[in-house]
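Engineer: Fit chain B to the given chain A structure using the hints.
As given, the protein sequences belong to chains A and B, one line each in that order. Here the first sequence is numbered in our numbering, starting from 1 and rising by one per residue. Here the second sequence is numbered in our numbering, starting from 1 and rising by one per residue.
FYI, nobody ran anything at the bench for these hints, they're computed from the structure. Be aware that one or more of the hints could be misleading.
[Stated by the list, open to error] Here are the simulated lysine-lysine pairs, DSS-like style, with alpha carbons at most 30 angstroms apart: (1) Lys20(B) - Lys64(B); (2) Lys41(B) - Lys42(A); (3) Lys96(A) - Lys14(B); (4) Lys67(A) - Lys56(A); (5) Lys41(B) - Lys67(A); (6) Lys64(B) - Lys42(A); (7) Lys41(B) - Lys56(A); (8) Lys96(A) - Lys42(A); (9) Lys64(B) - Lys41(B); (10) Lys64(B) - Lys2(A); (11) Lys66(B) - Lys41(B); (12) Lys66(B) - Lys96(A); (13) Lys2(A) - Lys96(A); (14) Lys14(B) - Lys2(A); (15) Lys14(B) - Lys64(B); (16) Lys108(A) - Lys20(B); (17) Lys96(A) - Lys70(A); (18) Lys41(B) - Lys14(B); (19) Lys96(A) - Lys20(B); (20) Lys96(A) - Lys41(B); (21) Lys2(A) - Lys66(B); (22) Lys55(B) - Lys14(B); (23) Lys96(A) - Lys108(A); (24) Lys56(A) - Lys96(A); (25) Lys55(B) - Lys96(A); (26) Lys56(A) - Lys14(B); (27) Lys42(A) - Lys14(B); (28) Lys42(A) - Lys108(A); (29) Lys42(A) - Lys2(A); (30) Lys20(B) - Lys41(B); (31) Lys66(B) - Lys55(B); (32) Lys42(A) - Lys56(A); (33) Lys64(B) - Lys70(A); (34) Lys41(B) - Lys70(A); (35) Lys108(A) - Lys56(A); (36) Lys67(A) - Lys96(A); (37) Lys42(A) - Lys55(B).
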Amino acid sequence: QKEVEQDPGPLSVPEGAIVSLNCTYSNSAFQYFMWYRQYSRKGPELLMYTYSSGNKEDGRFTAQVDKSSKYISLFIRDSQPSDSATYLCAMSGGFKTIFGAGTRLFVKA
Amino acid sequence: GAVVSQHPSWVICKSGTSVKIECRSLDFQATTMFWYRQFPKQSLMLMATSNEGSKATYEQGVEKDKFLINHASLTLSTLTVTSAHPEDSSFYICSAPTGGLEGGYTFGSGTRLTVV
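Next up, chain B with everything else stripped away, as it sits in the complex:
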C-alpha cells in the first residue's frame, strides 16, 4: 500500500534554531500533503495544506512565517519550524490523501520535536 516516509522521527533543538521535517510519498505522487500538530492526549490539529508547485494554505492561527512549507516535487513536502521556542515542542505528522481527496489518508510516522 501507499507509504509516506517522514524524517526525522525525533529531534531536539535549542531555542532560536530552525528544524526541517521531511515527508516523502513512496510509490505514489502526492500533489497535496497535510501537516498536523498533535499535543499529548489530544487530536490532530491541521496546520496547513501543502500543494505541489504553489503556496501552502495555512489554517487560522498558524503563523506562515514561522512554519515554512515547501512542496517542490510530487513526492516531497517539507515543514521548517523557524526560530523554534519551547512551546513549539509537539508531535508533527504529515499525511497524503490516498483514497481521493474526500477519502482515506496515509500518515507519516510523525516527528517528535523538543525545543530546549
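With the rest of the complex left out, here is chain A:
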C-alpha cells in the first residue's frame, strides 16, 4: 500500500463547476498537509498548507483535512480554465514528505 493515494484523473469539468480533489494516506505520523499546483513543464507551486484537521480557505480554494479518516481534500469553487493543471497533495511528518501522484484537471471554457 502506498503511503499516499491520489487518483491521477484526468478530471474534466465545465467552467464554473466546483472541483473536489482528494488524497488518502496511511501514515498517522503526517502532521502537515499541502496542495501544490503544477502547470505543464513547470515546477509545482504551493497553493495551500494546513496543519491538523479542519478547513482552511483562501479565495476560491478550500483545503480540508480529516485526520481521523486519513483523508484530505481540495475544493475549487467557480473553476476557471486557468485552473487546468495537475494538483499534487503532499504530506509531511517525521522529517519526511511524500507527494501524491497528482490529479490532472481540465476546466473547459
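Structural biologist: Just chain B, lined up with the frame of chain A:
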C-alpha cells in the same frame, strides 16, 4: 515570497556527457535543498537531500556517483548528471523548505533533460 531559481529550464545532451543543473534560493538562505525527478504523469520522486557544507543524503536506489550534488553555499545547490544515458531523460526539480522543515516548500521551475 520565496523564490528558487533553477537553470537551465531544458537541456539536450549526448550520451556519455555530463550536465549540471543549478538551483539558487533568492532572498532567502537554504541550508537544505531537495532534488526530485519526475517522469511524465508520475509524481515527484525524491532523489537526494542536499545539505550546505556537508555531503548529500541519497535515497535508496539513487547512484551517488552518477548524480553528484554540491551545496557549497547557503543559496546554491547543483546537481550534475554524469555520463548521461537516455534513461536519465526526465524532469528534474529542486525545492527548498520555506515553511519550516515540516512545512511548505518552494520549488524551482524544473529542468527538462533529454539525452540523445
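Engineer: Hinted pair, alpha-carbon criterion (30 angstroms max): Lys96(A), Lys41(B). Please report holds or violated.
Structural biologist: Roughly 22 angstroms separates the two Cα atoms, so the pair holds.
Engineer: Taking 30 angstroms as the top limit, are the C-alpha atoms of Lys96(A) and Lys108(A) close enough?
Structural biologist: violated, 36 angstroms
Engineer: Does Lys66(B) sit within 30 angstroms of Lys2(A), going by the straight-line distance between their CA atoms?
Structural biologist: holds, 27 angstroms
Engineer: Does Lys70(A) lie within 30 angstroms of Lys96(A) when you go C-alpha to C-alpha?
Structural biologist: Satisfied, since the Cα-Cα distance of roughly 17 angstroms is no more than 30 angstroms.
Engineer: Checking one constraint from the list: CA of Lys41(B) to CA of Lys42(A), max 30 angstroms. Satisfied?
Structural biologist: holds, 13 angstroms
Engineer: Straight-line Cα separation of Lys56(A) and Lys96(A) no greater than 30 angstroms?
Structural biologist: holds, 23 angstroms
Engineer: When you check the alpha-carbon spacing of Lys42(A) and Lys56(A), does it fall within 30 angstroms?
Structural biologist: Judged against 30 angstroms, a Cα distance of about 26 angstroms means the pair holds.
Engineer: When you check the alpha-carbon spacing of Lys2(A) and Lys96(A), does it fall within 30 angstroms?
Structural biologist: holds, 14 angstroms
Engineer: Against the 30 angstroms threshold, does the CA-CA distance of Lys56(A) and Lys14(B) hold or violate the hint?
Structural biologist: Not OK: Lys56(A) and Lys14(B) at ~48 angstroms, beyond 30 angstroms, violated.
Engineer: Taking 30 angstroms as the top limit, are the C-alpha atoms of Lys64(B) and Lys2(A) close enough?
Structural biologist: holds, 25 angstroms
Engineer: Given the proposed pairing of Lys108(A) with Lys56(A), does the C-alpha separation stay at or below 30 angstroms?
Structural biologist: holds, 26 angstroms
Engineer: Against the 30 angstroms threshold, does the CA-CA distance of Lys96(A) and Lys14(B) hold or violate the hint?
Structural biologist: violated, 35 angstroms
Violation of the numbered hints given earlier is confined to hints 3, 14, 16, 23, 26, 33; the remaining hints are satisfied by the structure.
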